[in-house]
Structures are given as structure tokens and as C-alpha cells.
Amino acid sequence: MFGVFWCILTRDLTLALRRGTDVLTTLFFFVIVVSLFPLGVGTEREVLEELGPGVVWVAALLASMLALERLFAADYEDGTLEQMLLTFQPLSLLVLAKIAAHWLLTGLPLVLIAPLVGMQYHLSDTAIWVMMLALLIGTPVLSLIGAIGAALTLGLRGGGILLSLLILPLYIPVLVYGAGAVTVSRIEFTDTQPYFALLAAFLLVALVFAPVAASAALKISLE
Amino acid sequence: MTEFFAQGGFGFFVWGAYGMVALVLLVEILQLRAQRRTILARLGRLSRMRDFGARE
Amino acid sequence: MALNWFRFASPAAFYPLAGRLIPLFWVLTVLALALGLYWGFFETADRLGGGNPQKEYYRIIFIHVPSAWMSMWLYVVMVSWAAIGLVFNTRLSFMMAKAIAPTGAIFTFLALWTGAFWGRPSWGTYWDWDPRLTSELALFFMYIGYIALHSAIDDARRADRASALLAIVGLVMVPVIFWSINCPDPNQCAALHQRSNLTTIEGNILFAMLTMTFAFWMYSFATSLMRLRSIILMRESESLWVRELATIGGRA
Numbered sequence: 029m030f031g032v033f034w035c036i037l038t039r040d041l042t043l044a045l046r047r048g049t050d051v052l053t054t055l056f057f058f059v060i061v062v063s064l065f066p067l068g069v070g071t072e073r074e075v076l077e078e079l080g081p082g083v084v085w086v087a088a089l090l091a092s093m094l095a096l097e098r099l100f101a102a103d104y105e106d107g108t109l110e111q112m113l114l115t116f117q118p119l120s121l122l123v124l125a126k127i128a129a130h131w132l133l134t135g136l137p138l139v140l141i142a143p144l145v146g147m148q149y150h151l152s153d154t155a156i157w158v159m160m161l162a163l164l165i166g167t168p169v170l171s172l173i174g175a176i177g178a179a180l181t182l183g184l185r186g187g188g189i190l191l192s193l194l195i196l197p198l199y200i201p202v203l204v205y206g207a208g209a210v211t212v213s214r215i216e217f218t219d220t221q222p223y224f225a226l227l228a229a230f231l232l233v234a235l236v237f238a239p240v241a242a243s244a245a246l247k248i249s250l251e
Numbered sequence: 292m293t294e295f296f297a298q299g300g301f302g303f304f305v306w307g308a309y310g311m312v313a314l315v316l317l318v319e320i321l322q323l324r325a326q327r328r329t330i331l332a333r334l335g336r337l338s339r340m341r342d343f344g345a346r347e
Numbered sequence: 000m001a002l003n004w005f006r007f008a009s010p011a012a013f014y015p016l017a018g019r020l021i022p023l024f025w026v027l028t029v030l031a032l033a034l035g036l037y038w039g040f041f042e043t044a045d046r047l048g049g050g051n052p053q054k055e056y057y058r059i060i061f062i063h064v065p066s067a068w069m070s071m072w073l074y075v076v077m078v079s080w081a082a083i084g085l086v087f088n089t090r091l092s093f094m095m096a097k098a099i100a101p102t103g104a105i106f107t108f109l110a111l112w113t114g115a116f117w118g119r120p121s122w123g124t125y126w127d128w129d130p131r132l133t134s135e136l137a138l139f140f141m142y143i144g145y146i147a148l149h150s151a152i153d154d155a156r157r158a159d160r161a162s163a164l165l166a167i168v169g170l171v172m173v174p175v176i177f178w179s180i181n182c183p184d185p186n187q188c189a190a191l192h193q194r195s196n197l198t199t200i201e202g203n204i205l206f207a208m209l210t211m212t213f214a215f216w217m218y219s220f221a222t223s224l225m226r227l228r229s230i231i232l233m234r235e236s237e238s239l240w241v242r243e244l245a246t247i248g249g250r251a
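Here the protein sequences line up with chains A, B and C, keeping their order. Numbering of the first sequence is given in this note's numbering, commencing with residue 29 and proceeding in unit increments. Numbering of the second sequence is given in this note's numbering, commencing with residue 292 and proceeding in unit increments. Numbering of the third sequence is given in this note's numbering, commencing with residue 0 and proceeding in unit increments.
Take the hints with a grain of salt, since some may be wrong.
Stretch-level coverage of chain B by chain C, calculated; a stretch enters the list once three of its residues show a Cβ under 8 Å from a Cβ in chain C [said to hold, decoys possible]:
hint, segment
1, 302–308
2, 313–322
3, 325–331
4, 335–341
Here are some of the chain A residues that sit facing chain C, going by a computed Cβ distance under 8 Å [stated by the list, open to error]:
hint, residue
5, 184
6, 186
7, 190
8, 198
9, 200
10, 205
11, 223
12, 226
13, 248
14, 249
If you are wondering where the hints come from, they were derived from the structure by calculation, not from laboratory data. Note that CB positions come from ideal geometry on N, CA and C, so glycine has one too.
With the hints as constraints, model all of the structure from the sequences given.
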């Protein structure tokens, strides 16, 4: 059973890395959005420190959402997805593998680039560590929830813009606690642990339910 | 009467809120009626087309 | 008496039933509106007591609170119909869910609008990132998402089922969203909770508020059923009974 998981995971990773640009566009979208904010709101140090966590998280939300469109699109167009539906393996496991590959390609780079972006906003070292950890736990939740939306809007005209309409409101809890953790880490003597506990709880719940919901959505979209 | 419309100086807020509710609900009702009329007209046209086709 | 619950699950059977029910709901709406508005404007005090007295603008409560309640209830009702549709595979349930969504979105919008007009005189600002207003805004987005997804899919069966699934996911997420907005800082949550208790409200105000809520319920029934009838006619336009309806009674 895990063989199938690995098989799809490595296949998706290989396919994406051979092209390479997809990964880079998401990453640069994130960097550009984050870099544009100081030009709009002013470059005072205090303002940037204040806004940093929220801006980085909103940019991460948008970047991971933009990449979602491609989650099932290629497999849908060449018919691979219908073959997956017909296999003996549980569809939710296959979906989970695709989500995992998607996160490794779009979520993980955001986590790794976070220190660079944090420095643009004059965040302290602890705040940057907290932000990396929050992104590490939070971005998989975004990919998991987003997969449901991607499956629902499969093959629709203007699917990308519709996807953002459906999915962005569902990202609110992750945004609130993800940005909250970084904001709180700037104040001394406060505990960031509850934030991570909540984010981790979201991740576990999403890990269990999102693949099931996404595969149900795929079945609806493909029947 | 003017006292009633003034609402103790808060007439703008009270009537602004009530007015929007009345407006939106009225628009919804009118839109539903128009929608129903359009559909019935279309169905009637379709049935006349079928009658015509049957007589041919 | 053996009652066949699924008898009215057929659009053809439900269509005339809805037609008979709609006038009844309109009469109830008008009666309750008249009573609720009269009571709200003439039988209540001009000013509420307390350390910070609420002046006449508190009368917005008679439409604000019912709209907010309706927006939440209608979402639950909509998801229930969508879930019933997915479980029993009944077409009418999906149509019901689709018919409810616009009315729910309208009440959400009205709750936001009246909230803003209440907030300006009492808080001094039209918009505040108050947990209740923000949650209502999130609910509005959920309605918009449902309607947008449904209208983006051409195939009626896929549209019904996909948007039903979205609505169910939304219902699971709504409490989490509300809670996260209510309590953005898990270290100190209690301070932000705003509690309200129906028993502390003065009798006349409560009566007017509940009457208006009843009026809005009846209004929602009436408009949802009207929209449902239109949806049935559109979807079933090829079936025999709709054809007959169109030739005989449609022009009346």
C-alpha cells in the first residue's frame, strides 16, 4: 500500500523537477509579493516589524493557492486521473501522495526562503525561527484544504479565480494562528506553544479528513 | 410625526438600516417574479413550437 | 396511517404543494412584519438604561439580530438539504439547497449592513474587526463560494454534488473559523468572548425581536419556495408534466 504512495510521490516529484519552472514561479511569486509590501506601506523599521508576520503569511496563502490549480490539472488532461480512479488502491491514499508531492514542491521552498524574507522585515532571530516552524506546520494544512477546492473546480472555465473564492475563507484559522505565533514571539515572556499546538491539531485533522473529502470531490468531478 | 422620523436624531442610521433591508428584500421578490415570468414565457414558446411541429 | 415520506421528494409532486404553501407564508410574513414593526417602534422605550444608555438607534436590533440568526440558520438548513441529497440521491434536496443559498447570502449581507449602521452611532465606526462582524463576513464568503461554484458548473448533477460537498466542508470549517476569529490569542481567550443572554432583554424588545425573526423565517420559506419552483421548471422543462403545465396553465 505504501508502495503506491511512494510511487506517485516520486513520479510527481520527478515530473515537476524535470521542468523546474513551476517550483520557481511559486517561490518567486512569494518573494515578489513580500517585497512589494514595503514599497506600498513605507519602509520604517517599526511598521515593517509590525506588518511582517501578517504579510508573509498572506503571501504564503496566495502562493500556495496559485499553485493548487496545477495539482490535478495535468493528470486530468492526459487521463491519468481517471486511471487512478479505476485502480484497486484507495483513492484517498493516491490523493494524499499527490498532496505530499505538491507540498514538497510549493510549501517547503516557502519555509526555506522564510529567513530571507524575515530579514527584509527586520524580524529578530527568534521570530524567524518561529516563523519557519509555523510555516512548516501550517503550509501542509493549506495544501490539504486546498486540494478539496482543486478537486471541486477540476476542468472548469476560470477555475483558478473560482478556486481562490472557495478556498481563501477556509484558510482563515491557519492565517490567524500562523501569523499570531510570529507576532507573539516578538513580545518577551509569552508562550508560542499554544499556537503550535493548535496548528499541529489542524494539521492532524486535515491529514485525516482532507484526502477523503478531496477524493470524494474528484469522484464527483469525474463521473 | 417628524419626531418619529427623526428617531431622536438617529434617523439616518435607523432608516438607513431599515431602508436597506426593505430595498434588498423587495428587489429579491421582484427578481423572483421576473425570473418566473421569463421561464414560463420560455416554456410557453417551447410548447407552441412543439404544437406547430406536430401539425406540420 | 402510513405516510410516504418520499412522495413529495419528486419535483412533480412538490411543485403544486409549494405553490399552495407560498401564499400562506406570505400572509404570515406580512402579519408578523406588521406586528413586529409596530411593537418595535411604538411599544418600546426610546432609550435603554444602563451606565451607557443606548438611544433610539438600538431599534436596529429588530432587524439586525433576526438577519444574523437567519444567515446562520439558513446555512445549516442549506447544508442539511445538501447532505440529504448526497445520502439519498434525491434531486429535489439539491434544488432546495440551491434555492436557499441566495436568501441566506442576502440575510448575511443585511446583517453586515445593519451591523455597520448600528456600529457607527454606538462605537463611532461603521466597521470594526469585532469577532461577530468578522465571522459574519466569513459566512458571507462561504455563501458566495457556494453560489459561484454552483453557477460555474454547467452539468446540473455535478454542480449539485460538488457544491453540496463544498457546503459540508464549509459547515465543518465554520466553527473553526468563528473560533479562531473569536480567540486569536490562545493564551488569553476569555477576554474576547461576548456573551448575550435572552433573559436579560426587556420583554417588549424581546417580543418585537422574536416576532421579526418569525417574519424573516416565513419570508425565507416563501422566497426559497418561489426560487425552488423556478429551478424545478427549468430543470424539468423536458418532462411531460411541465410541458402540460406550459400549454394549459402556464400563461395564466
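Status of the hints after comparison with the structure:
1. 302–308: holds (count 4)
2. 313–322: Satisfied; 4 residues make the cut.
3. 325–331: Per the Cβ count (4), the hint holds.
4. 335–341: holds (count 4)
5. 184: 5 Å, holds
6. 186: 7 Å, holds
7. 190: 5 Å, holds
8. 198: 5 Å, holds
9. 200: Hint holds; residue 200 of chain A Cβ to chain C Cβ min 5 Å, cut 8 Å.
10. 205: 7 Å, holds
11. 223: Because about 6 Å separates residue 223 of chain A from the closest Cβ in chain C, which is inside the 8 Å limit, the hint holds.
12. 226: 6 Å, holds
13. 248: 4 Å, holds
14. 249: 6 Å, holds
The structure agrees with every numbered hint stated previously.
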